[in-house]
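As a plain string of letters, each chain reads:
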Amino acid sequence: MTTGPLTVVKCGGNPSVDSAGICADVAGLVAAGQSVLVVHGGSGEITRLAGKLGIPQRTLVSPDNVATRYTDPATLEVVVLALAGGVKPKLVAELSRLGVPSVGLTGLDGGMLRARRKSVVRSVVDGKTILIRDNLSGRLDEVRPRLAETLLQSGFVPVVSPPAADEHGHPVNVDADRAAAALAAALGADRLVLLTGAPGVLTDPGDDTSVLDTYEVPTTGAPGRFARGGMALKLIAAREALAGGVASVRIADGRVPGPVSRALAGSGTAVTMSPLPVPTADRSSVPGN
Amino acid sequence: MTTGPLTVVKCGGNPSVDSAGICADVAGLVAAGQSVLVVHGGSGEITRLAGKLGIPQRTLVSPDNVATRYTDPATLEVVVLALAGGVKPKLVAELSRLGVPSVGLTGLDGGMLRARRKSVVRSVVDGKTILIRDNLSGRLDEVRPRLAETLLQSGFVPVVSPPAADEHGHPVNVDADRAAAALAAALGADRLVLLTGAPGVLTDPGDDTSVLDTYEVPTTGAPGRFARGGMALKLIAAREALAGGVASVRIADGRVPGPVSRALAGSGTAVTMSPLPVPTADRSSVPGN
Amino acid sequence: MSTILACPECEDDVEISPSARLNEIIDCAGCSTELEILSLCPAVLACAPEVEEDWGE
Amino acid sequence: MSTILACPECEDDVEISPSARLNEIIDCAGCSTELEILSLCPAVLACAPEVEEDWGE
Ligand SMILES: [Zn+2]
Ligand SMILES: [Zn+2]
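Residue numbers (UniProt numbering), protein chains in the order written: chain X, 1 to 289; chain A, 1 to 289; chain Y, 1 to 57; chain H, 1 to 57.
Bound-form chain X, shown alone (with noise of 0.2 angstroms):
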């Protein structure tokens, strides 16, 4: 029914982004005849629901510094609790009062969201590297897109998170800024805002005025020295976008009135890639279709 651009935005579970002015931007954006996927986490939900529940959560430092959350099956059960049935309904609830027909999707919804779950891993633990092997986690490996293409067309709003399915077809927790990239490329998007909280890629990440109006990642490898933390994620997540076909990817405030609109007229970070003529890995392993 929709004929304009589709923009995917990922909001993050930072509580600090606005998830009223996400919906209202998006509404926006559907009254004008344009088409919306949202894609969200829900780390804060996550932790809070985790901590009522008694659930302790760990962490797991990979050997190269990269956190993340350790997904035990108490913890799972967790994610997907607080992601499915506290985030996602308040968000469809949110934009059902604004007018927007939206339908609440997780990546098992459809067999949307496949990935390779990671039998074994490696943490750092007091100096010690670990081997870890009942993390429920994975690495997407392919998106199956005719269940949000249907919903597109029909001009619903698709509002999806993890967790995705691994190859047993069992619920396995993945990072949902790769899974934002991975759908925009599958589904042909035109544009990828990634919300988060700051204004875009600092030089300085003490110093919010030092936001790079644009940032070009590499083709393959680490995504460069401003890229620490979180934000080495979210410009992999770009990158992976960028490579799928994705025209336009910015990394934006989501704390800020109006987040996705103010990020589609220029504010954030816009990331480009350094041009190669190979494919690269992660092109192969996000299917466009």
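Simulated from the structure, these hints should not be mistaken for laboratory data.
Hints should not be assumed to be uniformly reliable.
Residues from chain X shown here face chain H by an in silico Cβ test under 8 angstroms; the list is partial [what the hints assert, rightly or not]:
| # | residue |
| --- | --- |
| 1 | 117 |
| 2 | 120 |
| 3 | 122 |
| 4 | 129 |
| 5 | 130 |
| 6 | 131 |
Computed footprint of chain X on chain A, listed as stretches where at least three residues anywhere in the stretch have a Cβ under 8 angstroms from a Cβ of chain X [unchecked claim]:
| # | stretch |
| --- | --- |
| 7 | 71-82 |
| 8 | 87-101 |
| 9 | 104-112 |
| 10 | 137-150 |
Beta carbons are placed, not taken as given, at the ideal position from N, Cα and C, and that holds for glycine.
Got chain X; can you put chains A, Y and H with the ligands on it based on the hints?
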């Protein structure tokens, strides 16, 4: 994509109901070219999660002795967590493992289920009738079937549960049996199967062999003398489906292997409605489309 | 000790027992109106709101 | 007291310190193979499984 008959299956929150068997039956129907929509409750999971979260569960008993869950705001949050984040992803994952592309939905998605919140309800406490004003439950008054139709036409099995949205777009709990009946009527379903923790309508609730082959509900008022406890709700739901044009409505055992195929083969109780020439109030309260 | 109030509908005496509860419904003996106890101390009565009768909810 | 085991790859001595942890990775000084401590008491070593290197996960 499917052109066969549409069956709506309601599976209860009763932990004894065999959800793996239900999913296998749904897969069989889909493989045979039929369409299926699943509606689920989750009272067991709601009670379990409320207990873990330390949220006391109370029951409202109406002056005519019907018991319902007291859904204060904290309980509504648990209801949504348990249904959308607990029961539903497990059903979707199980169907997916069986090769059935399914999509988990609540009544909020696509504005599918609309309810009028009962701002005041009566409850009997210690022999006194008390008015309760913070109960977030409502009576379904509109089904917007477009989302479910879109998914069914594309070959997906919708897996639906409460909550519904009230007149202000806020979530409210609704009875899942009646939601199944309203969806069956609105979608023009051929068959409604209400699975429960009993072999059907019993003349003696203590004797599983006292199951009736058929049960005729009056067109209005109390559903009759064998309608005790939760069975009264199911018979009212059955009546609403029949009044809405669903040709076949059965109440059958969800605890046995192959519960759906057994019910469709004639086990359990077929519910009929005593004929009455004038339209009933129930018919007008659940529009067909 | 019971409290005596006037029925807001017919002004007959209505007795509120010491065991009465907030939001309890009592019937006026004079006019049969259903009254709700809106407050216990001080005792306040009002006509009870109509509640939709709905089989099975 | 440290335990000494033979490297399953090159049979060189590998020292397991008293502070070693289950599933810890240690490098064999002789052949540089990564070894995993599969059990502490008794100490058991095996070649560590390959772990996919994946930036950003
Ligand atoms: Zn009176
Ligand atoms: Zn060695």
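Checking each numbered hint in turn, tell me which of them this model violates, lowest number first.
1
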